[in-house]
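Asks: Residue numbers (the working numbering), protein chains in the order written: chain A, 1061 to 1624; chain B, 1061 to 1624.
Hints listed in this document are in silico derivations from the structure and should not be mistaken for laboratory results. Honestly, I wouldn't trust all of these hints.
As the list makes no split between identical chains, a pair holds if one copy fits it or if it spans any two.
Below, simulated BS3-like cross-link-like pairs (lysine-lysine); rule was C-alpha separation at most 25 Å, straight line [to be verified]:
# : residue 1 : residue 2
1 : K1364     : K1114
2 : K1466     : K1435
3 : K1114     : K1466
4 : K1548     : K1128
Take a look at the letters that make up each chain.
Protein chains: 2
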Amino acid sequence: MSNTRILVIGAVACGAKAASRIRRLNPCAEITMIDQGKYISYAGCGLPYHISGKVRDIEDLVRTTYGKIRDSEYFMDLKGIRVLTGTRAESIDRESRIVTINHIETGMTETLEYDRLVLATGASPAPIPVEGADLEGIYNLTTMEDAAAIAELVRDNPGGKAVIIGGGFIGVEAAEALGMKRWEVTMLERCDQLFPGALDFEIAAMIQEHLFEHMIEPDFNTDVVRFTGESGRVTGVVTDRKEYPADLVIIAAGVRPNTGIAVDAGLKTGETGALIVNERMQTSDPDIYAGGDLVENTHIVTGKSCYVPLGSTANKHGRVIADNICGIESRFPGIQATFVCKVFDYAVGSTGLTEKQAVDQGLDAWAVSAPGFDKAHYYPDSQIVALKLIIENGTDRLLGLQAVGKGDVARRIDVAATAIRMGATIDSLADLDLAYAPPFSQALDVFITLINVAKNRRAQMFIPVTALETKRMLMEDDDVILLDVRSKIEYRRAHIDDPKVLNIPLDELNSRMSEIPGDKKILCACLLGLRGFTAQRILQGAGFKDVYTIEGGMFLWPWKEELE
Amino acid sequence: MSNTRILVIGAVACGAKAASRIRRLNPCAEITMIDQGKYISYAGCGLPYHISGKVRDIEDLVRTTYGKIRDSEYFMDLKGIRVLTGTRAESIDRESRIVTINHIETGMTETLEYDRLVLATGASPAPIPVEGADLEGIYNLTTMEDAAAIAELVRDNPGGKAVIIGGGFIGVEAAEALGMKRWEVTMLERCDQLFPGALDFEIAAMIQEHLFEHMIEPDFNTDVVRFTGESGRVTGVVTDRKEYPADLVIIAAGVRPNTGIAVDAGLKTGETGALIVNERMQTSDPDIYAGGDLVENTHIVTGKSCYVPLGSTANKHGRVIADNICGIESRFPGIQATFVCKVFDYAVGSTGLTEKQAVDQGLDAWAVSAPGFDKAHYYPDSQIVALKLIIENGTDRLLGLQAVGKGDVARRIDVAATAIRMGATIDSLADLDLAYAPPFSQALDVFITLINVAKNRRAQMFIPVTALETKRMLMEDDDVILLDVRSKIEYRRAHIDDPKVLNIPLDELNSRMSEIPGDKKILCACLLGLRGFTAQRILQGAGFKDVYTIEGGMFLWPWKEELE
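Please model the entire structure based on the sequences and the hints provided.
Replies: This is the structure:
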């Protein structure tokens, strides 16, 4: 059976990667790649940065590191790969191994034979099927054309108003881009938090708070009812509660895999709705491979199927597909849903499961949080990052890490991503020999501190209480004291406004211990957590029985707007 | 046997950490910590940054994150730990468990009983025992007093001349600090490269090149013969070849563990000269624990003892010591010699073994290098980092990673450090789900690209040749062509000046293949490596037999000053 005629449908991340790698592996293969768009091999994840102006020339998103435009000519001259743009695949005849294609501009139809077929048709934005959805000024943000049009509109209308539908990472990146252009931005989200399903509530709340600082206000638990317009252009978004004026609407409410042609050919999709592939990236037809946003993946932590379309994964898929087509045994084990997102001065990211996901999956899990400095705290520009670790009870296996703050988030996410992939437990990580110098981390990196906090909790030395539980107790429980052990200055700057709050700076704790009622629940708090924990231990040592530390301290307190 | 009287000798990183943790574990313990210095619990690694002015107030190096000075009063008030500064431990009577101490100012002697003793006496700079070594203006850079005196001298003498003896990371950090203050700096190093023993030649050469750009010139293979002076102040350094004028000399030629009191008490030292401890950090006397710069460690990769004194390790030691003293089973498995160092706009770091170390240790190892962008290459401020990976032949286990460049070095070092600790092979890492967004990495992180390069090499698809070997061949071998496939503009900007060099941009390679002699060795080069590799594959596909790719491309070419 010959495998020299390779047909690739879709020429962006996965498809372009697969074709390029096949060429390097097999100089004689006859490789054809088709794409319905005009632009191929473009950096889709870079689109928001063209809107913000960080990537001034949109063609930079199709340029190589050395400045060449990745167009059909580039693929032919450098790689000997034939590329047909503006060309749609209409159907697959699996028996005869023939794909019927349609040249969109001319309407002409043609057939292409293949020995091996690669499906990389990607995903399309989920539509919002309400009145006015076809008005001008309503965009997605998935193509070069989208980004170019939005960037032009923003440039021509300074001080405009935008409504972004969807609070996931594309929505947030779009909000940042428009915020940087001083547009007024409203975000509409059906769930009750940003990054729904991808971050725990209190981590997402940090981003929400930071967006507030940039005048971007999300509206939660809200549904779009219709779009209003004038002369065919959008002028507003009507929700189930309110109406927002809008010069621009960006729909970023998730994507759906483009499975049409595959399903028509009888290839199997999974429960997620995306195409099923095995570890070799083969569909239910072994001569047809698929990857990228079209397929579902195995989640490494749960072992279950999931649909998490990401550019990084698509590129890895492309390589595995090429290897297997060219006879190199190669497997793609799965994903951990790792992501990172820049939001003005903040970054936020996650790898593995969130606490909520772990619980929803029926795992017996617990979590600890620890904010800390990303560099030596005395080094200029050192910033705080807050980490939240999810651990499986019993096995002590890491299930996930979330990180948020102005500090270096990506480094800690990547360390955890590596540890999770290797099946690490908290015991194998406390002594991790990470890179230390004052411009890069504290002597004990904040990730190591977090592991130590987890070990303290497991040993029942550290008795945490979450912010959510604290808030509930302050409202409902009369026998509670919130002991804030920060300095007077820190306390005065911002503190929880409640008669149950008592401020005794840590260094006065021993001498003022008589002020603390022995018959109440004591919840110790500081800024980051260490002083609170120290206070908890001092009070326990002094005979107090019911003492807790508020996890993540005031830094991770989710209701900053209520502070006094 | 009681363990409530704890005596800690040495109150900086390991000692202070151990004492603080013991207090949190045991509110009743009687903890005494002594130190011969005035400052305790100071951030020794931050000293160079006081000289550069990045840490303006030197007391910031003894402040907590919330601004408290960590002095004797702080340890007493917050932790109930008694601290005696200006106090030297004279001797240990192990039988009676008594330490004799000496109050340096008064000369008074006293004895202290202990149940458990913690030795954290650190290390002292290796002296340079030549004429003039006692002149004023010759400093080490290990104490607060050193840093304060150097900072004052630098401030009072703008445009002065400094000689730094030692090209390791303290020497380089000192050079950066003085360079930032616009002093003229000369570095003297006995070996033939910077970071001797800690980085491979071509990685260290990148830092050397960057120091050149800041007018800092290292002088290699050189020994100090004597110091010259006037009126008791240093004025110059005489080496075996040359004389350098100097208003300031900083000796950073390594440190030696302060084992005196431990050896006198009969505790065992190892081949490295440092104190031996077991995994629980116990010395040969189970009631005496030791950690920090005083002790040797097990190298995780080789399993052998090594002496790598680092602040991060010292802090981990302190915690393990405290746990074991307080009855919590805790082990310190060892170190990987991970480090990172900022050098002006560059950073450089390493974890595990270098290629030279691996060879010296008798391991069967091979290496691959790959420079790549640290962010999406189209994102503003994206920078190149060059990575070098050391792999064990046969097992495919990661032995080490080095990284250098203007890009984010620490993140890739930390990922590799985690992978090495977990015993990863190259096969478990190509699909690592690392955090991706354009402001943080390429779709395939440069570390994943590096792993793929390693796999390509193992599959004998990628046939590398090192820069060193290339240079030798250009000089000695007539049957060699260096094929530079960069664009004409890139080539013109800087290229290797040799008649054997031929420039054919990659996109012209197919049409100009007849210019390449079929009977010669072809060494393909580009900037980063991918185009060179593509050219290698194209030429192999066209029937050329003897084709190689120059590893690391022109970016890692170590002799940049010879380029045309």
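Asks: Now tell me, hint by hint, if it's right for this structure.
Replies: Now the hints, each set against the structure:
no. : hint          : verdict
1   : K1364 / K1114 : neither (38 Å within a copy, 50 Å between copies)
2   : K1466 / K1435 : both (11 Å within a copy, 17 Å between copies)
3   : K1114 / K1466 : both (19 Å within a copy, 20 Å between copies)
4   : K1548 / K1128 : between (59 Å within a copy, 13 Å between copies)
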